[in-house]
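Participant: Sequence:
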Amino acid sequence: MNYELNTPPDRSRAGRRKGPGWRLAAAMALLLACTALFGAPLFGTPLFGTSAAAQTLQEPQAVEDTRDRVLSAGRYQTERPTPPEVEPARTPMKIPGWLIEAILWIVAAIVAVMLAVFLYNALQNRSGLRLNRDRRNEETLTVETPVSARQRVIDSRTLEEADKLAAAGRFAEAIHLLLLVAMDRLRRELGARVPPALTSREVLRLAPVPASAAAPLERMVSLSEIKHFGGRDASAPDYDLCRADFLSFSGQAPQ
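Under our numbering, the residues of the sequence shown are numbered 3 to 257, in order.
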């Protein structure tokens, strides 16, 4: 029998395919599989995305190291700024109520004293003249004081000086001289009842002038005011009237 003719042709071909080439292909496949699984520990080169995974694992530590290195250089502030010191609000000083009340009472007392002094001075200038004016007609105030020898000498010298001024045509000055001497005598005789600050007109209106001296003195004051403030020159007749009133005021007979 011919055995060669009975052997199927396909089995002989398959046997030829499973020769040395097949074994080499299997060995290469196994080597690639081992390399894929154990290549990173053996060769130090990650395969199939192993490098990206390792980089992901190492990245936080690298960031921390970089951060620490930058901050340790001292160029950046690592602490919160110290807030500025704020001075505590000052509590306003409170004045006790009793002290305020005491101050108000003191001020009121000072004002009252000042007002009283002012009124006293005002009344003192009048020197109670309103009351004394009501007593002008009383007998105690109308008693004429006898003219002393010394006063007669003064009056005589005053008349001589006034006559010299009138002779020189200075009638206004002569009238004024007679009025000044008469008012000075009146103030000396009445004393404190005639304050020095009063004018001649005020003395006539407020002072307790005796009736015998009031009329001639009032004419002398009026004549002096007309000549001094009225802008009218005095004349010889004016001086004669004033001289007669001065003699009447002094208690002397007209000459």
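Hints are computed from structural coordinates only; laboratory data are not their basis. Treat the numbers as computed from the prediction; the structure is a model and nothing was measured. A few of these clues could be false.
[As the list claims (entries may be wrong)] The calculated label-pair distances, taken between Cβ atoms and stated as ranges, are:
#  : residue 1 : residue 2 : range
1  : Leu34     : Arg82     : 24 to 34 Å
2  : Pro94     : Leu73     : 23 to 33 Å
3  : Asp67     : Arg92     : 48 to 58 Å
4  : Met95     : Val72     : 35 to 45 Å
5  : Arg172    : Glu220    : 15 to 25 Å
6  : Asp186    : Val109    : 22 to 32 Å
7  : Glu220    : Asp165    : 17 to 27 Å
8  : Glu61     : Thr93     : 28 to 38 Å
9  : Tyr122    : Thr201    : 16 to 26 Å
10 : Ser214    : Ala110    : 42 to 52 Å
11 : Arg92     : Ala64     : 53 to 63 Å
12 : Asp235    : Glu204    : 34 to 44 Å
13 : Ala75     : Ala27     : 57 to 67 Å
All C-beta atoms, glycine included, are put in the ideal place defined by N, C-alpha and C.
Participant: Which numbered hints does this structure break?
Facilitator: 1, 2, 4, 6, 8, 12
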